[in-house]
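S.K.: Each chain, letter by letter, is given below.
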Amino acid sequence: MNKNSTPINLILYLYNETQLTETVLTQQAIDCDEETGEEFRQLVFIKNLLSESTITPRRDVVDFIKCYSQLTQPVC
Amino acid sequence: MNPSPVSDQELIVRYLKGDEECFSEIINRHERKIFTSIYLLVKDRDLANDIFQDTFIKVINTLRSGTYNEEGKFLSWVLRIAHNLVIDHFRREKRMPTLHDTEEYSIFDVIGLTDENVEDKMVREQIHQMVRRLVEELPLDQREVVIMRHYGNMSFKEIAEHTNVSINTSLGRMRYALINLRKLISDRKLILTN
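Going down the list, the protein sequences come from chains A and B.
No gaps in the numbering here: position 63 of the first sequence is 63 in the working numbering, and each next residue is one more.
No gaps in the numbering here: position 167 of the second sequence is 167 in the working numbering, and each next residue is one more.
So here's chain B without its partners, still in its complex pose (with noise of 0.2 Å):
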């Protein structure tokens, strides 16, 4: 049987006695979810590294400076920070971002992958790529939802509290979030296998 892994809470407090290590296990663990629901909402590669680099300052100050008290909720308290920060960013740019303009599919638009292959692995990239640019094209309060809900495990409370609206609200956001993109996939004529 395999032993379960520590949780966030305990690498945290090893961390704070000293144990480097912890931290970089902590951030291999959380880095692809936090810099994904970035990239999701900043639509911008080294945009969402900087913020990505700017969350994880302002964590390690905030866990050294001994204010920190979300016990178990460690990814969803990143991504509040990275989401206060990617508003922060676009109230100084005094813009938010809006839906894409229809872009160019070129040879991604249909996709079929009814046989595994030996290439399939480089094909599944250029379609995991296509459903970051499908998200991207969401309304930004559904695409805020699938981020905090897929990516920073929040629930759907958690969700309508830190946006300020009621829980079936939040629910129906990401319900059409999902909707819409199987709908942009079917549009498309993506041919997407699992």
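Pulled out of the complex, with its shape left as it was, chain A reads as follows (with noise of 0.2 Å):
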């Protein structure tokens, strides 16, 4: 792991939460160094498959809570 990017950084940079300067040194650790690089590769692949897996609620529970909101619409 180069010295410039720790295993947390990595985590925000993942998510966006680097401040510039943390973006700019982790970007370069992450081109630079090898093993970092990989680490990073690995995280992104692992954050694409969480985005992927998602589910849905069952349609009658949503059209139950559409159809509670209408009904408890204030009287204007």
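If you're looking for bench data, these hints aren't it; they were derived computationally from the structure.
Just so it is clear, the structure is predicted and the values come from calculations on it, not from any experiment.
For every residue, glycine included, the Cβ atom is placed at its ideal position computed from N, Cα and C.
Watch out, some of these pointers could steer you wrong.
[As the list claims (entries may be wrong)] Which stretches of chain B does chain A cover? Using the computed rule of at least three CB atoms under 8 Å from a CB of chain A, they are:
1) 23-30
2) 35-43
3) 48-54
4) 57-65
5) 131-141
6) 148-156
7) 166-176
[What the hints assert, rightly or not] Facing chain B, from chain A, some residues (calculated, C-beta under 8 Å):
8) PRO7
9) THR56
10) PRO57
11) VAL61
12) LYS66
13) PRO74
Make one complex out of these two single chains by using the hints.
M.R.: As structure tokens, then:
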């Protein structure tokens, strides 16, 4: 792991929470340090899998919520 | 150039003025992340549906009461409500979810996806199902951070405040969660491609 980038920085960078200086240093570490670059690629891979692996609620549940909203709409 | 999507805050303002379509848009926009978050915490689809419903009933009531003041943070606010309802549920049940016992992974123990073909959609859904099951196996503290950061768009600072730990602890939990997921995939010899 490059000294300019800690594992914590990689997580912050992965989720776009780094400040400008950290961003530059972390990107540099990813580009120049093989170990850091590999860890980052693995993290991105898992992050993308998580993003794809979502599920939806039952339609009748969503319909019930919308119905509740309409029925409780305040009378102007 | 595509027009910018209407912000959650704008949709809420219009909804409170009586435009029900805006509320439908909010649900459509966030239902996957919110429902997946609840499901990954309770590990039961029927219970997740119940809590999803209760969450939005509470959201509607709070919006209508005029006490909502989380401008620009709608998703993380809803997720906090959902998270609290999950905790309430397990308090009532006097138990918290624990690690799953090792389950049989049958034919999905080894999935190779090196060539894209017409059956990919089905296989991909099976992979996603597998990933959710792997997330379910994470220790609760790691699972919570994944859910709050990844699906709830909460910052690590907000997660730290919500869970009463330091930012470094929440960051460390996230890192271990992602590493553990990678390890689980490797241990089960899952070959996954994006």
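S.K.: Next, verify each hint and record whether it holds.
M.R.: Right, here's what the structure says about each hint:
1. 23-30: holds (count 3)
2. 35-43: holds (count 3)
3. 48-54: holds (count 4)
4. 57-65: holds (count 4)
5. 131-141: Result for this restraint: holds, n = 3.
6. 148-156: holds (count 5)
7. 166-176: That given contact holds, which follows from 5 residues of the stretch 166-176 of chain B lying within Cβ reach (below 8 Å) of chain A.
8. PRO7: Hint holds; PRO7/A Cβ to chain B Cβ min 5 Å, cut 8 Å.
9. THR56: holds (6 Å)
10. PRO57: holds (4 Å)
11. VAL61: holds (5 Å)
12. LYS66: holds (6 Å)
13. PRO74: holds (7 Å)
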